[in-house]
Amino acid sequence: MPRSLAHSTSNGVADFDRVSFIDVSKYFGRRRALAHVSFECEAGEIVGLLGGNGAGKSTVLGLAATILQPSSGQVRYGGRSREDLGLALNARIGVLAHELQLYPELTARENLEFFASLYGLDQGVDRAAEALARAGLMDRGDDFLDGFSRGMRQRVALERALLHEPQLLLLDEPFTGLDEGASMALIERLQALKTAGRIVILSTHDFEIAEMVVDRAILLRAGRLTTMAPEGGSLRDRYRDVTPRVGDAGGSG
Amino acid sequence: MKRFLRVALLIMRKDLTVEARSRELLLTTLFFAVSAVLVFAFGFVRDGRPVENAAAGILWIAIAFAGTLALGRTFERERYHDVLHALLLAPVDRPAIYVGKLLGILVLLGTVEIVVVPLVALLFQAPLLRQPLLIVTLLAFGTVGFAAVGTLFAAMLIRARSRDVLLPVLLYPLTIPVIIAGVRGTAALLQPEADIAMARAWIGMLGFFDVVFITLSLWTFEPVMTE
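Keeping their order, the protein sequence lines are chains A and B.
This note's numbering applies: residue 5 is where the first sequence begins, and numbers increase by one.
This note's numbering applies: residue 34 is where the second sequence begins, and numbers increase by one.
What the hints contain is simulated information worked out from the structure, not anything from laboratory work.
Quantities reported herein were computed from a predicted structural model and do not represent experimental measurements.
A few of these clues could be false.
[Said to hold, decoys possible] Which bits of chain A does chain B cover? Going by a derived footprint, with three or more residues having C-beta under 8 Å, they are:
1) 65 to 77
2) 94 to 103
3) 112 to 123
No residue lacks a Cβ here, since even glycine has one placed at the ideal position from N, Cα and C.
Model the full assembly from the supplied sequences, consistent with the hints where possible.
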């Protein structure tokens, strides 16, 4: 097994080569959202979280993003905890949530410049312009977001999540609202991030797209990890093979 | 510290940019405050003569009620589209977000006061501008104390379904001392012979409240915002 790496450099940048969930459980009040989940994602890997509504995918992403804290177990970043890494960890995580986390009253450019400044990035104006170009929205950069389609906002939100070049990218249903061209562009973008050694964890319901983009799929049902055959047939077929076996456990809603 | 202030100013500037475009909060609070003062004027001014010592109370009631209206909406833009989570995920000290929101609300309430103070002075024939430095200090200290607690409670209630009801229920009992100090200090300045010493004593009291409230708010904002 490769040696786990996590360190804070002299300028406060935390880097890590893997994210590990170690026996993580999460309760919201008395409701159990995750139960004893353990898995690991390595640098240069795109991991797909699959599962029905309420299976615990967003909870996993929230825990990895440090927005949520485990009720028990640990989430470790290259062997270190969020407490060890502090704010430097936040600078290495990018999140594209289901809600797009952008101000509709600001223009696309203003949103990107605001978050660039919030992350303390140098040349925020230039970075925002580059991000707009990557999103294919250079000509709409000065338009307010509330005039954008869902797909356009999604592209801006993705660029917002990537502005600070995070080591860990967490994407909650990133293909929602994207047309075919934009979906393909996103897949190419994710492949480039993988090549650059980033860790990408994404949740999706779309098996066809997951098939194209993920290296490994993790199936969640009712907050529990379910084993899926690593090979043999399409992702959808393997998912269907597993689903009846665990149907009694619930989690279909 | 430099980064802390930079983030606070960034948040404030963003809030003011959005507000300058929509004028949603400014117009609502201003309209409410002016309406309240006018209604009080109809009730407390008879034959062109205002009821004695009414002006100070009416001024602070108008500021407090309009302020509650503004505070109730101060985190709404962060609540919609879940932007608050994006702010909390950023590598910044969370109290800097609080300070930025507080500064934004103070600018807004300051603008409301620029309109309301002369209006009260005019309608109630109150010499509010006789001691301009002291009245500005009283208003500034009082507004800071009120808004410091209000901004913290607005953040605490962001996920509460009945936040519009809960905010005044929580805010008024805690800020009553601030409002009383503001009223008494202002009343001291409105006497035929302004009681400067008394006004300064109330200003000192307000300064004490401000230090306590801001310190507690900075201390509690991080845990309040953590799951």
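Against the structure, the hints come out as follows:
1. 65 to 77: holds (count 5)
2. 94 to 103: n = 6 at 8 Å, threshold three: holds.
3. 112 to 123: holds (count 6)
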